[in-house]
Amino acid sequence: MSRLLAVAANTFRETVRERVLYNLVFFAILMTLSGLLLGQLSIRQDAKIIKDVGLAAMEFFGTLIAVFLGVGLVSKEIERRSLYPLLAKPLSRDELFLGKFAGLAFTLLVNLAVMTAGLYLTLVFIGRPADPLLLAAVYPIYLGLVLVVAIAMLFSTISSSSALAAVFTVGVVVAGRFSDVIRNMREVAPGVPPWAIDFIYALLPNFRNFDFKDRVAYGDAVPPDVLLWVTAYGAVYVAAVLVIGLASFRSREFQ
Amino acid sequence: MRLRPLLPLALLLPAVPWTQARIDREIGTFRAQEEVLYLWSGEQVKRLSPGFESLAADLYWLRTVQYFGGERLYSREKRFELLQPLVDIATTLDPRLEIAYRYGAIFLSEPLPVGAGRPREGVELLEKGVRSLPHAWRLRQDLGFFLHLFLGETERAAAVLNEAAEVPGAAFWLRMMAADLVTKGGSRADARRMWQQMYEQAEEGIMKANAHARLEILDSLDAADNLTGRVAEFEKRRGRRPARLEDLREAGLWGGPLADVAGTPFGYDQQTGRVFISRESRMWRPD
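Chains as they are written, first to last, in this note's numbering: chain U, 11 to 265; chain L, 8 to 294.
The shape of chain U in the complex, shown without the other chains:
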């Protein structure tokens, strides 16, 4: 366990060193400009738009970071030749894989926490209350990002190219955002057998499950049992992806 935590801490330090958190500067600029300009431009919709922009930016930048950090697990380490000394250490592949995952998940958590603080500061700056309800959208966003990291790491263990792993991950994330379209595919493609549609719908991660941005932007509460089910869905899916990823990582031969 201590070795796993050491890998996680090292991964976090590494991502910070890679200036991943620079996106926070961009987020800060985006939020400041939104706060200053939107009141004039939007006709009293400034608070709602700032919430929309802030939450969308968290999800969008978070996804980008999750993809590009996640796919770097194996392929980038191979490219930099830094994986071999790691594998030579008294460290199991499971510990390395899960430690990396925990480190990346922590990086995303820090990233999201700072962005959330920035969003609240912007709202206070324009004289609006710091609505705690926003956290009911931020938390599922985090769950979604953790799932993206897990998927990215899985593809990283399968593919030897980080670019290819990134393309696969983005493909799955985008497809997961179109889950409702897949479910309604029967209407546009009546020839496709229903079991095939049901299978694809069940197999793909449904990223719409983690999307409560619209609700909280309008001040609607998210029922706790819904959040509980979303957490369960995220946990099960992440665990499943990690199991496959681990199996793939264990069996992979590095030369």
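Just so you know, the hints here were simulated from the structure itself, not pulled from any lab data. Being a predicted model, the structure only gives us computed values, none of them experimental. Among the hints, erroneous ones may be present.
[As the list claims (entries may be wrong)] Ranges of calculated distance between the beta carbons of each label pair, as one might list FRET restraints:
1) L/Gln203 with U/Asp230: 30 to 36 Å
2) U/Ala140 with L/Leu158: 53 to 59 Å
3) U/Ala212 with L/Lys215: 51 to 57 Å
4) U/Leu143 with L/Glu173: 26 to 32 Å
5) L/Gln203 with U/Ala212: 53 to 59 Å
[As the list claims (entries may be wrong)] Going by beta-carbon spacing under 10 Å, a handful of chain U positions derived as facing chain L:
6) Asn33
7) Lys58
8) Ile59
9) Lys61
10) Arg138
11) Asp141
12) Phe188
13) Ser189
14) Arg218
15) Tyr228
16) Asp235
Quick reminder that beta carbons are idealized off the backbone N, C-alpha and C, glycines included.
Got chain U; can you put chain L on it based on the hints?
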């Protein structure tokens, strides 16, 4: 870090705003917004922005406000061609964007050159809003008002106001206003009460300013009608109509201003004895 390689930046960076200023001077500070909307369907935009529909709606709403403001202030033709599709896309992406229905309806319904002069589209937008937000009594209220004020469909307006009164939390006077519309057939007093309500409900901004302008127009119409009555009185006393409105003052029949609220002198038709708001005035609206 060595600074010498960065020295050219000292020259190049100020050159960017300088060249931009030259371009602006040549073309004009305001460049008309491109009259092109690449995506005409809200459903298309929705499909292209999964998970980010609300953000896309905000962007379309911002563009709507900018387009309307730019067109109204700077365009010579003031056609507002893109107004309806822009508001429609914004409200399709975010059906709960109540502000877009209310402001969009005003932008669309007001006659040219103040608005797009398309009251039917304004009413359709409010109908869409009522379908999306059945519990928003103010949208139903606006729909009733607009049906009466812009389309003259008084009976339907009264029915919609009665529906609005049924919504929990709705204002108590909606039912009385509906009854007045039915019994009086929609008088100027009804119109004044409607605009007064819109003025009181709106926060500072374009909607409040528009309601205020409408109230000023009603004041000016009242003053013009009053003057028409004085012209009739003049005719009764002197056996002829006054040659000019100033004659009313000289005859001691009028002590007030002979101009509308905007300060533009009233028009006067000696043939009919009718006093009216001049077309030159910003208070003038087509009948």
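Here's how the hints hold up against the structure:
In this structure, L/Gln203 and U/Asp230 meet the distance hint of 30 to 36 Å, their C-beta atoms being roughly 33 Å apart. Range check, U/Ala140 to L/Leu158: Cβ separation about 44 Å, and the 53 to 59 Å hint is violated. Hint check: U/Ala212 to L/Lys215, Cβ distance near 53 Å, so the stated range 51 to 57 Å holds. At about 30 Å, the beta-carbon gap between U/Leu143 and L/Glu173 stays in the expected band of 26 to 32 Å.
Taken as a hint, the range 53 to 59 Å holds for the pair L/Gln203 and U/Ala212, whose Cβ atoms sit roughly 58 Å apart. With a cut of 10 Å, the hint placing U/Asn33 at the interface with chain L is violated, because the nearest CB-to-CB distance is about 17 Å. The interface hint given for U/Lys58 is met, as the beta carbon of that residue sits about 7 Å from the closest beta carbon of chain L, less than 10 Å. Satisfaction of the interface hint for U/Ile59 is found here, the shortest Cβ-Cβ separation to chain L being roughly 5 Å, below the 10 Å cut-off.
Annotation: interface hint on U/Lys61 holds; nearest CB of chain L at approximately 9 Å, less than 10 Å. Violation of the interface hint for U/Arg138 is found here, the shortest Cβ-Cβ separation to chain L being roughly 14 Å, above the 10 Å cut-off. Violation of the interface hint for U/Asp141 is found here, the shortest Cβ-Cβ separation to chain L being roughly 15 Å, above the 10 Å cut-off. A least Cβ separation of about 6 Å between U/Phe188 and chain L falls short of the 10 Å threshold, and the interface hint therefore holds.
Satisfaction of the interface hint for U/Ser189 is found here, the shortest Cβ-Cβ separation to chain L being roughly 9 Å, below the 10 Å cut-off. For U/Arg218, the suggested interface contact is upheld, since its CB lies about 7 Å from the closest CB of chain L, less than 10 Å. Proximity of U/Tyr228 to chain L holds as hinted, the smallest CB-CB distance being about 6 Å (cut-off 10 Å). Annotation: interface hint on U/Asp235 violated; nearest CB of chain L at approximately 22 Å, more than 10 Å.
Checked against the numbered hints above, the structure breaks hints 2, 6, 10, 11, 16 and satisfies the rest.
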